[in-house]
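The whole structure should be built from the sequences, with the hints applied where relevant.
Just so you know, the sequences run in chain order A and B. Using our numbering, the first residue of the first sequence is number 13, and each one after it goes up by one. Using our numbering, the first residue of the second sequence is number -10, and each one after it goes up by one.
For the record, the hints were derived by calculation from the structure and aren't laboratory data. Where hints are given, some of them may not hold.
Said to hold, decoys possible - So the derived label-pair ranges between C-beta atoms look like this:
hint, chain 1, residue 1, chain 2, residue 2, range
1, A, Pro382, B, Arg19, 54 to 60 Å
2, A, Glu189, B, Thr74, 55 to 61 Å
3, A, Thr451, B, Val105, 25 to 31 Å
4, A, Asp328, B, Asp(-3), 37 to 43 Å
5, B, Gly127, A, Asp328, 42 to 48 Å
6, A, Leu285, B, Thr74, 53 to 59 Å
7, A, Ala175, B, Glu65, 39 to 45 Å
8, A, Gly283, B, Thr74, 24 to 30 Å
As the list claims (entries may be wrong) - What the simulated footprint calls covered on chain A by chain B, stretch by stretch (three residues with Cβ under 8 Å from a Cβ of chain B suffice, anywhere in the stretch; the number is not a length):
hint, region
9, 205 to 211
10, 270 to 280
What the hints assert, rightly or not - Sample of chain B residues at the chain A side, in silico, Cβ under 10 Å:
hint, residue
11, Asp7
12, Gly9
13, Leu10
14, Ile13
15, Asp92
16, Asp110
17, Leu131
18, Pro132
All C-beta atoms in this analysis are idealised placements derived from N, C-alpha and C, irrespective of residue type, glycine included.
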Amino acid sequence: MLFAALAAVLGAILAFGIWSLWPIEADPARLGWGLAILLPAAVIASFGFGFALGRTVERRLEALAEDRPAAGTSDILGLGKALDVLAGRFDEILRETDRRSRARVSNTERIAQLGSAERNLITGKGMWSDEFHAILGIVPGSCVPTPEIFLEVVHPGDREEVAAVLRDVMSGGSRRETDFRIVRPDGEVRMLHGSAEVARDAAGTPIRLDSTIQDITERKRLENELDGLIRELWRSNEELEQFAYVASHDLRQPLRVVGSYVSLLEEELMGSLTGDSLEYMGFVRDGVRRMDRLITDLLTYSRVGRVGGNVPVNVDDAIRSALADLQIEIEDCLGRVEVRGDLPVLYGDQGEMERLFLNLVGNAIKYYQPERPPVVTVSCDDMNSHWLFKVADNGIGIPAEHAERVFGIFQRLHARDEYEGTGVGLAICKKIVERHGGTIKVEASEGPGTVLAFTWPKAPPPTETES
Amino acid sequence: MASKDIHDVLLVEDDPGDAGLVRIALRRSRHSCRLHHVKDGGEAMDFLRRGSGHNQAPRPDLILLDLNLPGRNGHEILEEIRGDTVLCSIPVVILSTSGAERDIRKAYALGASSYVAKPMDVEAFTAAIHSIEDFWFGTAQLPQ
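And the structure:
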């Protein structure tokens, strides 16, 4: 109604306005008639329009009010109600977000098997997460979370220690971590890793104890298993080396006696030995000698790494020493050994490095083709992270199919009457190179001969505690 | 220095073959030696202390000691000899198959007079025994 009256007044003012502006020269009679008709019509139309508009607005507001029962009667335009709706939605979103993030934290805790707890140190009220309950084997809600209940679950053997850690943290200590056992209500014993920390207010007063527990039973079990395996490996390795070492000595002892008495026999029987018996005697001596070499080589093999030093070694010195030992062999076959390039200083064991070059150059000299005096080249290349050494010869070569095999212990490729040897030399080389962190292989070569290539790291290998 | 006419040598060696080689070598030596052979550490200490079965035993001028012995090994015997105020002045030469560095070090650390690895062939072995004799009974001064 308010709107209708307002509209009628507006209509009247509008009509009066039109009349006052009407051109004066117009016919007065026609003007009078027009005015008589127009004025009431305008008033009525304005009143009707205003009434209708007012009703509509009222209905709209009523409809809006029906959505939400009115809280305040003074809320004429329903604005407060609209705000309430908005606030309600906001609350809902907040609650949903909170629920989701809790669910997410809970999920994360479950997956990480990490339970968290907090205790308000002012009110004494505690809160355990679902995973905290789950790790302890307690149904959430079945008990009031208190430190006493928690300590009850801790294994009696670890209880005092855990209690002491908690006391320590609360009495102003820093963050503490400890591993301990718990006994779940169903009797299962689990291993936990716990940590606790105190939160303080601006004044430094402890206000909250935050703690986490994590089930590490499986991890501990695997760790123990791994430790056991490593110990076992060490032990068997030690045992194996000890075995080779002792066996080598114990095997040589009777052999030495055999050899010695055969010599004494030969001496005694000098002159009375004839064709066949002289040959038999020769076989015995040869057998003893070969057996002795096998054992000596095996001993050398087992010793690689036993005394192994880890000091700077001048490769040039190592090669010179090896060549000096091989001098007679080299001269006998009219061989030639060339050393190319500047030789570096490496980290390793001097004796082992000499042995390495002695065996490699020794092989290169030994396996030569009768019609071609051996020419051996030793070279060294800088490969940034490591050095690459090559010992190349023009000898009989190693067939590709045997490239791997030659590094096996007691592995020989030739009959004894062709080339002497025990088949341990390259196995020793491999052990020496690998012990120092390198690799060794027979390189495929185009021409005749053999190329043995091995790498040697530049950085000194970490020193082993046991050697 | 007028030394004794005959030197007493105590050989501690469980291998009869090796003991025989030492005996042969000493027989061919230019020094006069009397070889006393015991087979293990216990018997060696009995001999040295004139214990059971050895109450007439002379005090040896030189002990040749193997390392690899049944029961207590050579290192332990050496340690016991060096720890004995009466026996500690007797030269002890280790005669072993082992040329292992750790065995050698340990022997010297325990007070071995010298360490000789048994050579493989009989001539070298004989030569080694002869050089031991030459040194201890010819060159070196021994306590009387």
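Here is how each hint holds up against the structure:
no.	hint	result
1	Pro382(A) with Arg19(B): 54 to 60 Å	violated (49 Å)
2	Glu189(A) with Thr74(B): 55 to 61 Å	holds (59 Å)
3	Thr451(A) with Val105(B): 25 to 31 Å	violated (41 Å)
4	Asp328(A) with Asp(-3)(B): 37 to 43 Å	violated (53 Å)
5	Gly127(B) with Asp328(A): 42 to 48 Å	holds (44 Å)
6	Leu285(A) with Thr74(B): 53 to 59 Å	holds (55 Å)
7	Ala175(A) with Glu65(B): 39 to 45 Å	violated (53 Å)
8	Gly283(A) with Thr74(B): 24 to 30 Å	violated (55 Å)
9	205 to 211	violated (count 0)
10	270 to 280	holds (count 5)
11	Asp7	holds (6 Å)
12	Gly9	holds (8 Å)
13	Leu10	holds (5 Å)
14	Ile13	holds (7 Å)
15	Asp92	holds (9 Å)
16	Asp110	holds (6 Å)
17	Leu131	violated (29 Å)
18	Pro132	violated (32 Å)
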